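Please take these sequences and the hints and turn them into a complete structure.
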Amino acid sequence: MRSTDIFLVPGVVLILTGLVLQLMPAWLRRTSVVVLPPLLLVHIWNMGAADIHIHWLEFQLTLLRPGSSGLLFASVFLIALWGGGIFALQDASARELGAAFIYAGSAIGISLCGDWLTLFCFWELMALSSTLIVWCGGQKYSHSAGMRYLLVHLAGGVLLLAGLSALAATGASMEFGPLDSKGYAYWLILAGILVNAGAPPFSFWIADAYPQASPSGMVFLSAFTTKTAVFVLLIAFAGESVLIPVGIFMAFYGIVYALLEHDIRRILAYSIVNQVGFMLVAVGVGTSATLNGAHAHAAAHILYKMTLLMGAGTILRQLGSTSASTLGGHLWRHMPKTTLCVGIGAAASMGVPFTSSFITKSVVLTGLADADMPLIWVLMLICSAAVVFNAGMRFPWLALFAPSYPSGVENTPSSRIPDSVKDPNGFAMGAMAASALICLVVGWVPDWFYALLPYPGSYHPYTAGHLLEQMQVLGVAGSIFWVTRHYFYPQQGTTLDTDWFLRIALFKGWNRFLQLLGFTYNRASRMLTNSSVRSHMLIFSLHGPRGILARSWHTGSIALWVALMLASYILVYNFSAPSAFNILRRFFSPG
Amino acid sequence: MQPNKHNNNPRYLRIRVALGAGLLLLLSGDLILTSHSPVHNMPQFGIYMLVTLAGTAAVLGVTFIMGKLLRRREDYYAQH
Chain S
1 MRSTDIFLVP GVVLILTGLV LQLMPAWLRR TSVVVLPPLL LVHIWNMGAA DIHIHWLEFQ
61 LTLLRPGSSG LLFASVFLIA LWGGGIFALQ DASARELGAA FIYAGSAIGI SLCGDWLTLF
121 CFWELMALSS TLIVWCGGQK YSHSAGMRYL LVHLAGGVLL LAGLSALAAT GASMEFGPLD
181 SKGYAYWLIL AGILVNAGAP PFSFWIADAY PQASPSGMVF LSAFTTKTAV FVLLIAFAGE
241 SVLIPVGIFM AFYGIVYALL EHDIRRILAY SIVNQVGFML VAVGVGTSAT LNGAHAHAAA
301 HILYKMTLLM GAGTILRQLG STSASTLGGH LWRHMPKTTL CVGIGAAASM GVPFTSSFIT
361 KSVVLTGLAD ADMPLIWVLM LICSAAVVFN AGMRFPWLAL FAPSYPSGVE NTPSSRIPDS
421 VKDPNGFAMG AMAASALICL VVGWVPDWFY ALLPYPGSYH PYTAGHLLEQ MQVLGVAGSI
481 FWVTRHYFYP QQGTTLDTDW FLRIALFKGW NRFLQLLGFT YNRASRMLTN SSVRSHMLIF
541 SLHGPRGILA RSWHTGSIAL WVALMLASYI LVYNFSAPSA FNILRRFFSP G
Chain W
1001 MQPNKHNNNP RYLRIRVALG AGLLLLLSGD LILTSHSPVH NMPQFGIYML VTLAGTAAVL
1061 GVTFIMGKLL RRREDYYAQH
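Chains as they are written, first to last, in the numbering used here: chain S, 1 to 591; chain W, 1001 to 1080.
No false leads were mixed into what you were given.
A few chain S residues that face chain W, going by a derived Cβ cut-off under 7 Å, partial list only:
1) 256
2) 259
3) 260
4) 374
5) 378
6) 381
7) 382
8) 386
9) 468
10) 477
11) 503
Beyond 12 Å from chain W on every Cβ pair, some chain S residues (computed):
12) 24
13) 46
14) 60
15) 170
16) 183
17) 514
18) 546
19) 563
Don't read these hints as lab results, they were simulated from the structure.
Owing to the predicted nature of the structure, the values given are computational and were not obtained by experimental measurement.
Glycine included, C-beta positions come from ideal geometry on N, C-alpha and C.
This is the structure:
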């Protein structure tokens, strides 16, 4: 390859741009954010199928090997970067924008790379740049949450590296693709990927770290890390049955924890876990229909979650809070355009007909039904219905429509909300409206979207039967929500999760260990000191100025001691050497 | 949980009646339009509604229990 070919790799271009973005003047930075992602989108669909390799430390790294799955994910990542970047122009720092470009570049690098080593390099860069985005959040716990996020992802990276080392040691091919042998390399790599997907016991990091990012930061974060993990699972672990129980756990974990949550951005974070679980189940089942469904749903999820998070971010920008209990009542009157966009995003998340998720969830559920897995089909149908209780209806209701309960007065007059609270202008509104529009377009014209899927298949979501089935699900779930909505108004509080072990148990355990270490050191030190002092005292008592062995003895007593010693010597000699005694006896005996 | 002052409001009653009527309509449509069960060994009629109803009730029940077990004060981690 020519040395300039590296600039044809979209991920590398974005990473290099991210590195210099902070140094650019503001006008050039804005131009880069607006112009570069669509240019790269055009580029990746016109660059052909040629690989790009580089040689590094005796390794041949395949930086570019575009496949149909990778192209789909890279395209959606670029749309997410574009939308998120434009939304960020209102208030994001240059540092956050730079980190976002590196983050997106790494995710796109993974989706288009051709070997595991390149994937690992992009993987770690993604962990570092996303941590920077959390740290740029400016929230109360951004730093500590970012540190926990980094710890979890570095642990995942270590697992991945260990797995890749083991894979290389077995002499297997390092090309990025399905892993055949199920040795420990396979399981280590799977574990490393699942950490990034938010699988148990590490599901907590999404809701812990993402809401601590800035309004635009969370838009970026929601799009890349978990979906990149889903992409790698789709390529390397399709049909792995372990993913089914893991995905089911994640799906229900997300629903339950979102229901207990009162912060609207944390509700959306738990909703990400829920939907990634849905995708993992589809990957685990592994038929061409469910794999296509996982591809499609990952793409749709990125798009509608962007819309919802932009809505939540707008509320955060306007009111400085996302806690449902402090938002005031009937915010929709002040923000009608935002409400419309959030409504479209929420409808897409529930799978309302003519939105993106309707055409993607149906592929997964039909695939599960065709695979003859009734229990999994039932569980995923429940999971699909329960989205109403987090991102679907509960999020917009808490954020925009709910009365203000904490004051004890329902239907709080909208005058309580400052007049300055209104829809965003310019870039932010445009980004939100564009992402909502994409959700609708994908739902209205599904055929071109299905054409992007990697496996052959024919799907027809708009049949009378399917529409009726989905309306039954939404009708029942929506009715239950409407009737019980007041009983699920969340109280202020926090819900314990497995991060308790990291934040409390590990911390307390470390403190206890340090205490034990100190106690042992003190005891050992005291014991050594005491024994040393005692031995010194003994020696001193014997050999000191008044010691028994250091005194001046009388001559008579010395002679006595010498006589006693000689006598004892003769006795000992008599018993121990009888032959010598006999010689003496014979010598002195008569005759 | 919050008290609901609207429980006996005629307007809300009308909404609930409309919801019930809509669900009945969907169920009737299911009887007419759906020709086969989505999954083997499952009933054909009303399966989507049944699964959603039972599943949602189960999820809400589990959430209630989890809330009782795992819910702590807002400043729990700051206090520890």
